[in-house]
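Please model the complete structure; the sequences and the hints are all you need to start from.
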Amino acid sequence: MAHPNRLQNARVLVFGGTSGIGYGVASMALSNGAIVTISGSTQPKVDAKVKELQSLYPSAGVRGISLDLSDTANLEDNLNGLFEKVTNGGEQLLDHIVHCAGDALFLPKLHEVTVDNALPGFHVRWLTALLIGKALATGKYMLAAPSSSFTLTGGTNTTKPMPGWSLGASWGGASEGLMRGLAVDLKPIRVNLMSPGTIDTPLFQKFLENVGREKEAAIRTGHTLLQTWGDAKDIAEGYGWLMRDCYVTGTIASSDGGRLLV
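The working numbering numbers the first residue of the sequence shown as 34 and each following residue consecutively.
Wrong hints could be hidden among the right ones.
The following label-pair restraints were derived from C-beta to C-beta distances [claimed, not checked]:
1. Asn121 to Lys142: 39 to 49 Å
2. Gly122 to Gly206: 32 to 42 Å
3. Thr254 to Gln41: 39 to 49 Å
4. Arg253 to Glu124: 44 to 54 Å
5. Asn113 to Asp218: 15 to 25 Å
6. Ala151 to Arg253: 25 to 35 Å
7. Lys193 to Val281: 38 to 48 Å
Pairs of lysine to any residue, SDA-like flavour, derived with a Cα cap of 20 Å [said to hold, decoys possible]:
8. Lys220 to Asp278
9. Lys173 to Asn121
10. Lys173 to Asn113
11. Lys142 to Pro153
12. Lys173 to Leu143
13. Lys167 to Asn65
14. Lys118 to Ser74
15. Lys193 to Leu143
16. Lys193 to Thr254
17. Lys193 to Ser287
18. Lys84 to Asn65
19. Lys84 to His256
20. Lys78 to Ala137
21. Lys118 to Asp80
22. Lys167 to Glu209
23. Lys173 to Asp110
24. Lys239 to Lys220
25. Lys118 to Ser99
26. Lys142 to Ala202
Derived by calculation from the structure, the hints in this document are not laboratory data.
All residues carry an ideal CB built from backbone N, CA and C; glycine is no exception.
The following block contains the structure:
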């Protein structure tokens, strides 16, 4: 029997799909014949990225819907509205959801942490994933079968935090716990988490502009075993595995260049 292409005609929704890792996941899925919807915070950027993906895959099915995940006051209503649009009111069920969305990092020093500045970092990275899980629990938007998956995103700083990352490491820790809980509560839908190392994204390029190229070279050679930064095309393959493998759930996968061994 020929090996199946399990992403062919699969319906995939990527939160944070307009940039970086999320864009790489959307491109990977389209290259395998999936039908992809990307979501980002603003419609002009979503439209521009849809047009870009259409130019790369002219015969593929791709569309975009904007959703500001930082609008916590309206978050649940907005998420449900997006699911209604993407699934045509539940008539076209999703096969896979990937959550790569994030916002600008704000990491106060430990002695500067307050009740007010500690919690916002959880909103886009953790709260939105929790509410996506709630929507899936209704059974309206995704087929309840092992062929379906929901993949969250964490990071290696949860396991090996850099100095000053007490708050940032806790974001990833909360997401890892949420992933395991959702894997139990949403079964047989599979829920997993991808843990990236340092991936070369537009956000990371802004960081490099601030540190300077000499310091960047020193960090790169001492930060990973492979002495290079990851590429969105590489880590997208990890997300692809978590979508394709119908027997993997409650699992953390990583693409980090060996950072945890340095």
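In ascending order, which of the hints set out earlier in this document are inconsistent with the structure?
7, 12, 13, 19, 24
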